Amino acid sequence: MSEYMIETKNIHKSFPIGNKETLEVLKGIDIVVPKGKLTILKGRSGSGKTTLLNILSMLDDATEGTFLIDDEDVSKMDSSLKEKFRRYNIGFVFQSVALVPIMTAYENVDFGLKLAEYEGDKDERIKEVLGIVGLGGRMSHMPSQLSGGERQRVAIARAVAHKPKIIFADEPTGALDTAAGIAVMKLFRELIDREGITIVMTTHDPNLMSLGDVVYNMEDGMCQDATIVESNN
Amino acid sequence: MLNFIRYKITNKKLLNCSLLVGVIMLAGFLCVYPMFREGSLNRLIQTMFVEQAKETREYPCAIYYTGSVSNDRFESVDKICEEMDGIEKKWAKGLTCPKLNSQRILYVKTGNADTTFGSKSRVVSIGTIPNLYDYADLLYGVKAEDAANSTNDMVKEALAGGAYPCVISQSVMDRYGLVVGETLSFKFKMYSGADTASFIVTGIVEEKEDDNYFWHNRLEDYKDLLILPYDVYDDVVRKNEINETFYDLAVMYDYTYINSVNAISYRGFLKWLNNEDKAVKNNFSNILGSYLIQEKSISLILFAFELPIVALMLLFLYMISSRILEMETTEIAMLKSRGVSRIKIIGVYVLQSSIIALIGCLIGLPVGYAMCKMAASTNAFLSFSIKDVSIYEPVVSMILFVILAFVLAVLFMTLPVIGLSKLTITERKGLRISSSGTPLWQKYFFDIALLIVSGYLLYNYYKQKDAMAVQIISGGAVDPVIFLDSSLFILACGLLFLRLTGYLVRLIYHIGKKKWKPAGYVAFLQIIRNAKRQGFITVFLVMTIAMGVFNANLARTVNENVEKRTNYNIGTDYVIQERWILTTIKLQSGEFTWKYKEPDYERFKLSQDYGIESLTKVMIDESTDIKVGDKLEVGNMLMAISTKEFGETAVLEGNVNDEHWFNYLNALGRTPKGVLISSNLAKKYDLHEGDSIHYLRYSPLDPKKADLDTSAVICGIVDAFPGYESTVYETQSDGSIEPRERYLIVANLQTVINNRRITPYQVWMRLSQDADTEKIEEALRANKIDIKSVSDRSKTIQNQRDSSMIQITNGMFSIGFIISLLICAAGFLIYWILTIKEREMLYGIYRAMGMSMGEIVTMLVTEQIFSSLLAALSGFAVGGISTLLFTKLISIVYLPRRHNLPIEIFIKAQDSIKMIIIIGAAFAVCFYIISRILKNMNITSALKMGED
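Residue numbers (the working numbering), protein chains in the order written: chain A, 1 to 233; chain B, 1 to 948.
Take the hints with a grain of salt, since some may be wrong.
Sample of chain B residues facing chain A (criterion: CB under 8 angstroms; computed from the structure) [as the list claims (entries may be wrong)]: (1) 512; (2) 518; (3) 521; (4) 522; (5) 525; (6) 529; (7) 530; (8) 771; (9) 842; (10) 849; (11) 852; (12) 933; (13) 936; (14) 939.
Below, a list of computed lysine to aspartate or glutamate pairs in the EDC-like style, where the Cα atoms sit at most 20 angstroms apart [what the hints assert, rightly or not]: (15) B:517 <-> A:61; (16) B:513 <-> A:117; (17) A:9 <-> A:24; (18) B:935 <-> A:121; (19) B:54 <-> B:248; (20) B:514 <-> A:124.
Listed below are several chain A residues computed to face chain B (Cβ distance under 8 angstroms; list not exhaustive) [stated by the list, open to error]: (21) 59; (22) 76; (23) 80; (24) 86; (25) 112.
Note that these hints are calculated values from the structure, not bench results. All values derive from a computational prediction rather than experimental measurement. Every residue gets a Cβ at the ideal spot worked out from N, C-alpha and C, and that includes glycine.
Could you build all of it, start to finish, from the sequences and the hints given here?
Structure follows, in C-alpha cells:
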C-alpha cells in the first residue's frame, strides 16, 4: 500500500481557444500527495493550480496523463464511476462557500451525509463535526444568518462529515479576511490531526504556506519540486 | 439617465419582453371593455327591435297619432296633409334617425249602408290612402281611379248613376261578403231629406309583400273602410259637410340608427312627446326603457368578467417586476448607500416602466381591437366562428382605457421598488432572511377570511334566487356581485388549497425525513423554504386553472341548457302556424256561431329534397280551463295530437319523465277519450291514472263563453312534454311579474275535433341534419301557405347564442381564459427558467459532490410534482368545487324562468383537455429549456459563478 493518497504522471491539460488552436494550461504534472497531510498548491492566478485541483478531484478530465487516488487509477473511470467516487471518497470546500441557501447548517451537513450514504448515526456525526468547526450552537441557522467565516466552517464540516479519503479545497480562504482565513487553516490542521484526513488545497496567499505539510509551487502550468514544511511534519 | 435605462432594459431582455407582453395584454384586454360593451349594447338594442317585430308582427320603431279635423276647420284634404307634415317635422327634431316611410290614412266614420246584394245593412266608413298603389296590389277588378275604364256593367251603371268609385281590402270583402260591382248607399246625415251617397266597389286590394315599411296600420285593421281616390274623397267630404274627419299618421324610423349613445335621449324625447299630447303614441319607448335597464346590467357584468383577469395580469406584471428587482437589489442598495435619494431611484424605475408601458399600450390598442372582434365571433366557450361582427367597432373611450392601462402598468411595475429603495446594502441582508418565511396571506389567514365572506354571499344569493329570477324576468338589472363572488370564492379556495397542499408537503417531508434520498430531500426543502417566493406562481397557476375550469363549465352549462330548453320549448325542429280564416255564421235563432276553414294540409308535404323527415298536426289551445270536481283551473294548455306522428316528429329526452315518453303516447293512443296530464296538476289534486277530469274551451268569438265541456280519463301523468312549460310569468295589475303554475292536458286530436269543430293547428316538422329551413319556408309560401308564425329551432338557438348576455359570456370567458392561460404559461416559464439559472451554481455543487444528472432531474421532477403539479391539480379541484356551488346559481341570470327541465351542470372533458394540453405544453417547454441548461452545464464553470 502506497504512502501517497495521490500520484500523478505527466498530467497535461489544454483548452481550445478557437482557430483550432489550444492553450496548454498544464504541461506535464508529476506530483504526489501524502496521506494524512495538508498539501498546498500555490501559485499566481493563471498558473494552473485550480485546473490541476479540478482534474485531481475528478471534476474535469486531463488531456493527457494518468493519476492514482489511494492506489486506484481514477483517470480512466467513466463519468458515473467518477460521480460515485466523488460522492463517497471526496469532500469539497469551495472559495464561493457554496452552502445550499435553503438549508440550515445542520441540514447542509445532513445533505452531504445523505449523498455519501453515511451509514453511522447521522445526527451524532452532524453534531460532532459542527462541534469541531465551532458551530455547535448555530446548527439551526440558515447560511444567510451566518458570517462568511462561519459559512466556510459549515462547508468544511459538510466536506469532512462523511469521512472522505481526501478533501479538495479551492482557495478556501479567498473570500475571507485574514483572521477568518487563518482560523480555517487551523481547522484543517485540527481535522488532519483528529480524523487523519488528507487535504489538498490551492491558495495564492503566501502567509498560509507555513500551515501546510507539503507545498507545490506552480508556475506557467508546471509544478516545481515539493517543499516540505518541517515544522508541521 | 436614458442610456442607463436602455442598458437596464437590454440587459434583461427576456424579463422586460415579458413585461411588455403583459402590458400589451393588459391594455388590449382593458380596451375590449368599451368596444365590446358598445357593440353588445348596440346588438342588444337591435335584437330587442327584431324580437318585438317578430312578436307583434309590426314594424317596431314607429310614432303614431290619430287626429281629427272638425267641419268648421276643414278646408281641404291637402290642408290636413299639411298639418301632418308639420307633425312629422316636429317629431323629426327629436329623432335624428332617418324616416323610412310615413303612413297616412284619412277617413270618415259613417253609418249603416245598404248594399245592392242581399240588402244587408253594413257599417262602413270611407277614406283615402295617398299613394295607395305604391304599397298595395290590386287583387281583382280595377283601381277606383280607373273606374271609368271598367268593363264591368254594374260598375259602369253605378258610375253613370253618380256613385263614387272605391276599392276595398280583402278583409272587408271577407267580412261583409262584398264583391266587385256591389254598390253601398247611405246618408251622411240622419234626417230624412238628406242626400244619399252611393259607392261602387271597383276592385279588391291587398298589401304588397315588399311594403317599404308602410303598413304600420294594416288594411285588416280598417274593417269597414271603402277606399276612395284622393280627390274623390276630398270632393265627398267637401260636398257633404261632414262633422269630423279623421286621420291616422304613423311615421316609421330606421331603428338601426338607434344605438347605445342616442337611446337615452330618444327615450327622453318620446316621454316628452307623450306628456305634451297623450294621443301621440309609439311602439318603441318600452324597448328603450327595458334596454336602459339592461344596459346597466351588461356594463356591470362585463366589468365583473374583466376584473379577475385584469387582477391576474397586474399580478403578472408585479411578479415579473419583482423578479427583475430581485436581481437589481444589490444595485439599488449600492445606489442608496452611495447617497442617491430614494425619489431618484424610484424616478429611474418609473421612467423605465413608463417606457415599457407606453410601447405596450400603443401595441395594446390594436391588439384590443382584435381581441374584441375575436370575442364577438365566439359561438360557445372557446368556439370561434365566422360571423358578422361589424357591430363591434372601435370607440373613443378606448383611449381612456389605454391610459388607465398605462397608469396601472406603471404603478404595478414600480410598486416593488418602493420598498426596496428604502434599504441600504446592510439592511438588505435582513430582508433576504425574512423573504424565506410564511407568505403574509397565510400568516394572517386571509384565505379563510375571504372564504367566509364569499360563502356568506353565496348563502344569501341562494336564499334570494327566486326573487332574483323574477327581477331578471321583469327586466331588472342583474347584480354583478354574483359574478365577483365566484371569483372571490375561487381566490379564497385557491389560497386555502395552497395552504393545505403546503401542509401536505410538510407532512410528507417530515414522515420520510430520515429516509429521503438526497434528490427528494433537496426538492422538499426547496418547496417548503421557497413557499413565499414560489407563492406568486402557484397562486397564479391555481387561479388561472380554477377560473378556466369554472368559466368553461359555466359557459358550457349556460349554452347547453339554453339549447336544451329551446329544443324542449319548440318541441321539434320547425313549427309553422298558418293563418286560418274564421267565419261567423248567423243561426236562425239570431245567435252567431263560428267556423274555421281548414287549409289544405297536403301543401305542407314537400318533396324529400327539403329534408322533412316527418310532420304532424299539433293543436294547441292555451286558454283551456280544467275542472277537477268543482274546482276550476283557468288558462291552461291543451295539446291535441296524433300520437304516432307526434312521436315520430317531436323531440323529448327519454329521462325527463318517470318512463320513456313513448309509453305515455302509446297509452294515449290506446285510449281515444283519454288524456295525459301534467304532474303538477296530478299533485295538486291527487289525481291518478283512471281518474276523470273535465276541460273547457272557449268560443273564438267570445273568450268569456265556454262552448265545450269535455270529460276525459287520465291515462298518463307527465313531468315534461314537448312544447309545455309548467310555469308562465304574468304581469300583474301593478306592473309586477309573478310566476303562475300552468297545467297541461294532452288529448287525441281526432277526439278533440270530433267533440267540437276544427280549430287552427300548428304543423310540426322533424328535419334532417342538412335541411335548409329558408328553402322550406320559400317552398311553403310557393304552395300558397299564408304563414302566421314560424319557430325554427336552430335559428332560435343561434339567436340566443348571439344575444348580448350569452355573447358577452362566451366572448369574455374565452378571451379571458386564453389570456390567463398565456400569461400563466409565460409566468411559469419565466419563473422556472430564472430559478434554474439562479440555481446553476447550486447544481454545480450538487454535481461536484457526486450527484448524478439523473438525481438532479429526479429532484426537479419531485419539486415540480409537489409544487406546480399539486397547484395545477388544486386549480382543477377549486374549479370543480366552484362549478358545483356557483354554476346553477349564476345560470339563473341567463335562464331565469322556472322550467320543466331544471338547470343541469354540463362539464365537457374537452375543455379540461384543452387546458391540460396548454399547461402541459408550458411544462414541456420549461423542462426542455431546463434540460438544455443542465446539459450545457459545466461543473467547473458553474462553480466559478459563485466566485464571480
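Results of checking the hints against the structure:
1. 512: Interface hint status for residue 512 (chain B): violated (12 angstroms vs cutoff 8 angstroms).
2. 518: 5 angstroms, holds
3. 521: Nearest chain A Cβ about 6 angstroms off; hint holds.
4. 522: At about 7 angstroms, which falls below the 8 angstroms cut-off, the nearest Cβ of chain A leaves the hint on residue 522 (chain B) intact, so it holds.
5. 525: 5 angstroms, holds
6. 529: Residue 529 (chain B) check passes; min Cβ-Cβ to chain A is 4 angstroms, inside 8 angstroms.
7. 530: With Cβ-Cβ at 6 angstroms, under 8 angstroms, it holds.
8. 771: 67 angstroms, violated
9. 842: For residue 842 (chain B), the interface hint holds, since the closest Cβ of chain A sits about 6 angstroms away, which is under 8 angstroms.
10. 849: 5 angstroms, holds
11. 852: 5 angstroms, holds
12. 933: 18 angstroms, violated
13. 936: 16 angstroms, violated
14. 939: Given a least distance of 5 angstroms, the restraint on residue 939 (chain B) holds.
15. B:517 <-> A:61: Answer violated: residue 517 (chain B) to residue 61 (chain A) is near 28 angstroms, above 20 angstroms.
16. B:513 <-> A:117: Since the Cα atoms of residue 513 (chain B) and residue 117 (chain A) sit roughly 14 angstroms apart, the hinted pair holds (cutoff 20 angstroms).
17. A:9 <-> A:24: 16 angstroms, holds
18. B:935 <-> A:121: 36 angstroms, violated
19. B:54 <-> B:248: Violated, because 23 angstroms separates the two Cα atoms, which is more than 20 angstroms.
20. B:514 <-> A:124: Given pair residue 514 (chain B), residue 124 (chain A) holds - Cα atoms ~14 angstroms apart, limit 20 angstroms.
21. 59: With a minimum Cβ separation of about 5 angstroms from chain B (threshold 8 angstroms), the hint on residue 59 (chain A) holds.
22. 76: Status violated, d = 18 angstroms.
23. 80: Constraint on residue 80 (chain A) satisfied, holds at 7 angstroms.
24. 86: OK, holds: residue 86 (chain A) within 8 angstroms of chain B, min 4 angstroms.
25. 112: Holds: closest Cβ of chain B sits about 7 angstroms from residue 112 (chain A), inside 8 angstroms.
Checked against the numbered hints given earlier, this structure breaks hints 1, 8, 12, 13, 15, 18, 19 and 22; the rest are met.
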